[in-house]
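Novice: Let the hints inform the model, and build the full structure from the sequences given.
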Amino acid sequence: MPLQLSRQVGTEGFEHMSGGHDFWTNWFYITSSLCSYQPASQGNLTEEASYAIIDRYVQWGGNFIDTADVYGKGASETVVGSWLAKQERENFVVATKVRAVMDDKNPNLVGSSRRHITSSIDKSLRRLQTDYVDLYQLHNWDDAVPLEETLLTLNDLVRCGKVRYLGASNFGGWQLQKVVEVSKYMGLNSFIALQQQYNLVSRFSEIEPFQVCKLNGLGVLPWSPLKGGFLSGKVKLYEKPVEGRLGRTADNPINIQSSPNWLNLDKRTELEKLVFTLSGKSVAQVALRWLLQKPVVSSVIIGVTKMEQLDDNMAAANGWKLTDEEMSELDDVSKPEVPYPYEMIRRLNASRANSWNPPGYV
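Per UniProt numbering, the sequence shown runs over residues 1 to 362.
Derived by calculation from the structure, the hints in this document are not laboratory data.
Quantities reported herein were computed from a predicted structural model and do not represent experimental measurements.
Virtual Cβ for every residue (Gly too), placed ideally from N, Cα, C.
There could be a bad hint or two in this list.
[Stated by the list, open to error] Cβ pair distances, simulated, as ranges:
1) Glu88 / Asn108: 32 to 38 angstroms
2) Lys178 / Arg89: 30 to 36 angstroms
3) Val158 / Asn91: 18 to 24 angstroms
4) Arg352 / Asp122: 48 to 54 angstroms
5) Lys86 / Ser282: 30 to 36 angstroms
6) Ser351 / Arg114: 45 to 51 angstroms
Specialist: Here's what the structure looks like:
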């Protein structure tokens, strides 16, 4: 039996098992193996293969499933809904997102407006075959819509029971802090989670967004924990990726945030050398375990297309831990450059922290 471990997400009484199949939580408990699962929205997976992978994920103890309306233009939610309809709904934490372009020809089918959000949640609920989602996340900031309109609309969804908790994804630090402050000022339900790209070669969110999370009690849900396969060893130097997220985005500049940065290859090589000396685990398992042991992280969102990938990933959450020394070594070898003014702020405050104002590190 896999190790059962629940984690709280944020500060709102929400728990989950600490693994996720691209689904997540924030001070609401998820009972699973530290990873969340996100069903593939592109590729060659049949519905039957998708169901088999979700079943296996549940066998590992997973209960948190994350998706989005834009994944496959609703196809991912539909697959999850068909599977979920045969399960005991209360046993699972289901998360989805809103904000992305759903129709290039219709300017009202995008963004965080009242019209788009209220329409999108009803469509998502129909596809998911449920009358509520546990976590509803803004997929990105929207410059075109007043934040007050967005937050009031989301608050109404919580009040009418269609949504249990709120979250954000791919936000900057100032944007997330503004959400926190405006919600507090207006007496609205607070956000409990931030879903952000975070891995051993993409740590820049530590500088500001995660400090906002620590200060305000939001849990972090890392997506692309293996950098789309970059940390699994599948991507070779200067060779065009053909599998996974990187393979799908290799020719699409708009998805550059998920593309391999060849400047990081030396960093990955150093990581691989270090991992070779650690606990006999794969690079992927160590990369996932490193995330799971970060205090700010509530669950790690994994996305797989093969059963063996799922088993390898979920094994990162069960039955072993990295030592403090190993965590420190991984931190050092993957340390990002801290630009001005953040470096100066940290340096001049290094001796100023106290028990009531903990230092701003993740």
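Novice: Tell me, which hint numbers fail for this structure?
Specialist: Checked against the structure, no hint fails, so every one of them is satisfied.
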